[in-house]
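Asks: Sequence:
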Amino acid sequence: MVAVFVLPFDVIYWITFPRWPLGGYVCNLWNASFFLFLTASVLNLTAISIDRYLAVVYPLRYTIWMTSKVAKSMIASVWLYSFSIAILLLFLLDPPKDETYSFDLNPFVHGFLLIGNVIFPFLIMMILYFKIYTIAKGHAQRTGVNTMTSSNRASSVASSRTTSFGRELRIAKMLGIVVLCFVICWLPFEIINVVILIDEGVETCAVELVDTVTCWLAYLHSSLNPLLYAFTGSEFRRAFRKLLCRREWRTGAELSHSQSNAAKRLPAGSVSDMKPQEISSLHL
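When we follow full-length UniProt numbering, the leftmost residue of the sequence shown carries the number 1, and every step to the right adds one.
Read the hints as simulated data drawn from the structure, not as lab findings.
All C-beta atoms, glycine included, are put in the ideal place defined by N, C-alpha and C.
Keep in mind that the hints are not guaranteed to be accurate.
[Stated by the list, open to error] List time: in silico DSS-like cross-link candidates among lysine-lysine, alpha-carbon distance up to 30 Å: (1) K173 x K137; (2) K242 x K72; (3) K242 x K97; (4) K137 x K242; (5) K137 x K97; (6) K173 x K97; (7) K69 x K131.
[What the hints assert, rightly or not] Distance windows between CB atoms, simulated: (8) L90 x R61: 18 to 28 Å; (9) A206 x T67: 17 to 27 Å; (10) K242 x W65: 20 to 30 Å; (11) K242 x V194: 35 to 45 Å; (12) I12 x T63: 47 to 57 Å; (13) K69 x G23: 37 to 47 Å; (14) L220 x L90: 21 to 31 Å.
Take these sequences, add in the hints, and give me the full structure.
Replies: Have a look at this one:
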């Protein structure tokens with residue numbers, strides 16, 4: 001979405017700089033879209049961090065707390081809040097005139113957008129993943145001790161719990177990498193903007209150049225996300241494959257089941273009389 005709704009305006013801005021040929025209302029729409037997708041990205045990652053924290057720290061209560069209805073409500077709340085921020089910006093920003101770019105926003109509102117919507121959620125994510133790491137380290141130590149002292153039956157129960165915990169931990173680790181990449185890409189841009197917000201006198205040519213470089217580093221994150229999910233999570237790879245090649249990636253069990261059902265509908269002895277091409281068509 002960033003590539004479709006935000007990046008094209010950035011390209012136009014830097015090609016025509018210092019002019020802004022698209023008018024004041026499009027300028028405000030660009031700024032609102034930027035904060036819409038930034039807010040949605042940060043809060044969605046925060047929601048995922050909370051989900052992984054609950055799954056690792058409270059595995060027995062997780063399925064009770066995190067139902068499908070709760071998950072959908074969290075997603076809907078994130079996007080509703082993000083759209084409300086974008087609409088608020090459209091009302092607060094005065095359209096610039098004379099083919100100039102402007103982001104003339106109240107400093108307190110701008111500070112809230114940068115600190116409350118971005119940096120504060122960053123801190124929450126870091127705290128949650130640090131707690132997940134601490135719990136995982138303690139669990140690994142306890143598992144090593146229990147394996148040496150427990151009986152066979154108790155060992156099998158512990159092994160089952162360890163397998164379930166390990167699965168949740170792998171997902172948390174993969175999403176932790178995604179969050180870390182997001183922070184590395186976006187945090188420099190947020191810091192330089194907070195510095196400019198605090199002291200507008202530092203907005204020199206060098207600072208403008210740093211702001212541009214950090215902004216494009218932040219945009220780079222949008223292209224890194226698919227690669228991160230593909231290379232760090234096998235479950236996500238399978239989900240993408242099923243989504244892109246739904247028919248070709250049906251499992252062998254599904255194929256066998258469909259063939260069995262098709263054979264049951266045929267008269268007795270008819271399958272043995274069928275040609276190979278006709279038998280293969282039962283899979284389709």
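Asks: Please go over all the hints and tell whether each is borne out by the structure.
Replies: These are the hints, each one checked on the structure:
no., hint, in the structure
1, K173 x K137, "holds, 13 Å"
2, K242 x K72, "holds, 22 Å"
3, K242 x K97, "violated, 50 Å"
4, K137 x K242, "violated, 34 Å"
5, K137 x K97, "violated, 58 Å"
6, K173 x K97, "violated, 48 Å"
7, K69 x K131, "holds, 26 Å"
8, L90 x R61: 18 to 28 Å, "violated, 42 Å"
9, A206 x T67: 17 to 27 Å, "violated, 52 Å"
10, K242 x W65: 20 to 30 Å, "holds, 28 Å"
11, K242 x V194: 35 to 45 Å, "holds, 42 Å"
12, I12 x T63: 47 to 57 Å, "holds, 49 Å"
13, K69 x G23: 37 to 47 Å, "holds, 43 Å"
14, L220 x L90: 21 to 31 Å, "holds, 27 Å"
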